[in-house]
Each structure stands twice: as structure tokens, then as C-alpha cells.
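2 protein chains.
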Amino acid sequence: MKLLEERILKEGKVLSGNVLKVDGFLNHRIDVELLNEMGKEFARLYKNDDVNKILTIEASGIGIACIAAQHFSCPVVFAKKSKTTNISEDFYCVDVDSFTHKTTNKVIVSKEYLCEDDRVLVIDDFLANGCALRGLIKLIKDAGATLVGCGIAIEKGFQHGGKEIRNDGIRVESLAVVNSMNADTGEIVFG
Amino acid sequence: MKLLEERILKEGKVLSGNVLKVDGFLNHRIDVELLNEMGKEFARLYKNDDVNKILTIEASGIGIACIAAQHFSCPVVFAKKSKTTNISEDFYCVDVDSFTHKTTNKVIVSKEYLCEDDRVLVIDDFLANGCALRGLIKLIKDAGATLVGCGIAIEKGFQHGGKEIRNDGIRVESLAVVNSMNADTGEIVFG
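So the protein sequences, as listed, match chains A and B.
Sequential numbering of the first sequence, starting at 1, is according to this note's numbering.
Sequential numbering of the second sequence, starting at 1, is according to this note's numbering.
Everything labelled a hint here was simulated from the structure, so no lab data went into it.
Warning: the hint list may mix true and false statements.
[What the hints assert, rightly or not] With a straight-line cut-off of 30 angstroms between C-alpha atoms, the simulated BS3-like cross-links for lysine-lysine are:
no. : chain 1 : residue 1 : chain 2 : residue 2
1   : B       : LYS81     : B       : LYS13
2   : B       : LYS106    : A       : LYS13
3   : B       : LYS106    : A       : LYS106
4   : A       : LYS10     : B       : LYS81
5   : A       : LYS47     : A       : LYS111
6   : A       : LYS141    : A       : LYS13
7   : B       : LYS13     : A       : LYS40
8   : B       : LYS83     : A       : LYS106
9   : B       : LYS106    : A       : LYS21
10  : B       : LYS141    : B       : LYS111
11  : A       : LYS111    : B       : LYS83
12  : B       : LYS83     : A       : LYS10
Bound conformation, chain A alone (with noise of 0.2 angstroms):
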């Protein structure tokens, strides 16, 4: 998506650690005409497919999944990061690490909102080695719901993630794909 591409060639900031710093329009000030926008073309890519749920994770990913939902007519879900170890039987429950973070969180969504019945598109707004999505993935087989696909603002296409979720048979639809950064020069190039 080339508003996107253009967006983080602007603004984007590289840091070492193979980090992506985009926090003036999508982590932490938001763009919500961007956000737009994105959730336009995620409409767009999954128009054929029934989409009833939309599936995320705090904190991030809820205003994407929010702006994207009104383009589908849908609710959002999203999944919490669990202050406790026990976790209620209400709950699917589900270990995720964090790339940025360097930790462990326990990402759970409650049974009443995740069903047999939803078919659910997963958005975040990274993916990188893709062990956020791959919770999603299995919060989502754990209610028996169908997964549709995963829509992602921006994907790091020189890290695992995507490639390997896409080799399971999962539709991956990505807005920027990254194929290399270098935090010395600053330069991104997309694929």
C-alpha cells in the first residue's frame, strides 16, 4: 500500500535491534485517517469472505482492528494480556512472546466472544517473528471459529514470522512489507 510505504519512509525511524519505530502515526500518536484508509484496503482484500469477527491484541492493534471493523460491519475482539497465571475456565488462554519487550505474556480472550460460528480476520499492526499472530491463530482454533486470514500494517519480511504462517496454508495479507532496514544509514527497503 504505497500511502503506507510512503508513511513510514517519512516518518519511520530505524533502531538497532532490528527495530521499526513508527510511533508518530501508528503506536503511540495515531493517524486515524491513515487508519482509514488501511481499513479500506483490508476491506477490499477480504471482501469474498464473510468476515463476521475482527481479532486483535492490546494495546496497539485495537485502533487498526476498530477503524478497520467499520469497513466490515462487524464487531472487534480483543485479546487481553493477563495480569494473573490463573486463568478462569471462562477464558481460551494462550503464551505469546514479545519481540520488543523481550517477555512472556499470557494473552487470553473469554469463550462468550470467540465462536464456533465467527469467521474471524486477525489484525495487528507488526509482524515480525509472528508469535503474537500465531497466539491469535490459536485462540481462534481453540473456539473451533474459522480463520479466515490476517491482515498486517506492517511486516518485517527479512524476520520468519510471515513466511512460515504462510507456508501453514494462512492467508497473510500484508499493507508494507520490509525487506531490509539498516539502522546505521536509516534506509528501508520494501518488497
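Since the structure of chain A is provided, determine the placement of chain B on it from the hints.
Just chain B now, with coordinates in the frame of chain A:
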């Protein structure tokens, strides 16, 4: 706001410890159509106030803020709960107690995204004792920005937060004010 009150009566659950659970449409599963009506109402209430930024706090405020921001044609900034105690000079920082989780979080906003020129509307899902709201208000003050007012989805009128903040001369608009609720009977009375 009638629509929100009706939804709270229909789906809200009163739990012990003054907890009102609205997971079915606001805090876990999100009804984006309802959020859109709420956003329109905030825009109507603050239509003459030249709002050019919406400030909220992760996680559950983000969806409401993003959809409301579409009606103000302005960006959203969400304050982040920081994992580190060591905050760099690039951030405004404040301690916020969580009513729900009985914890204290350091909450931060990048100095880059909150400026003197900003006319800020604070949006959040709940107002109870007012800790989160007071934290966000302090961040705005520290930045030298102008606080236009606050837009709250659900205020617990029987707790002291809203009253105290209004007594400080700050405009607070809550779309639903719960005057009393009863965990034994499930009764919810609006103001």
C-alpha cells in the same frame, strides 16, 4: 446518552467491589457502531472547542478515542503504561493507580506528541475515582497544552472522581452516569 444507557442495562454486569463489567461491547468485545454514535456525541458536545488532539490511555480507551477522532478530524495520542522505572527525558511521565487492578503504573507520553499548540480532549472508557483522568490531565499540563475537557463513556457517579475534577473547573462530559448499582440484585440506576 440513551443508546449507551440501554446497552449497559441490557448487557452490563454488576460485580462485587463496585465493578461494572461491560466486556460485551466496550472493553473486550467492541461494538464499533456504538462507538461511532458515542464519537458523534462527543463531537457534538465539543464542536465549538477547536479540539486538535485526543488523548487517551491504553488499552481500552484506544478504540473509543480512534473512532471519536474521525469526527474531529484530528489524531489520537495514547499514553502508554511503561514497563521500566527508568524514563528518558523524551517523555512526560506520571504515576497512575489502577482501580480495577489495584496496581500503580508509570504512564508516559512522548514530548514529541503533546505540545503547547495542542487543544486536547481527553477520552476514556470509565471515570470512577479519577486517577487515570487526573494522570492524563497532569501530562497535558506538563506539556503546556490546553485541556479542552474530558469525554467519558461511563462515569460512576457514586465515586468521587468526576465531582472532584469538575470542582477544579474542568469540563467533564460523561455519556452515561451510573448513580447507583447493586451487585446482589444487578440493578443499575442512571443519573
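Status of each hint after checking the structure:
no. : hint                  : in the structure
1   : B:LYS81 <-> B:LYS13   : holds, 27 angstroms
2   : B:LYS106 <-> A:LYS13  : holds, 25 angstroms
3   : B:LYS106 <-> A:LYS106 : holds, 21 angstroms
4   : A:LYS10 <-> B:LYS81   : holds, 27 angstroms
5   : A:LYS47 <-> A:LYS111  : holds, 27 angstroms
6   : A:LYS141 <-> A:LYS13  : violated, 36 angstroms
7   : B:LYS13 <-> A:LYS40   : violated, 34 angstroms
8   : B:LYS83 <-> A:LYS106  : holds, 16 angstroms
9   : B:LYS106 <-> A:LYS21  : holds, 21 angstroms
10  : B:LYS141 <-> B:LYS111 : holds, 12 angstroms
11  : A:LYS111 <-> B:LYS83  : holds, 29 angstroms
12  : B:LYS83 <-> A:LYS10   : holds, 28 angstroms
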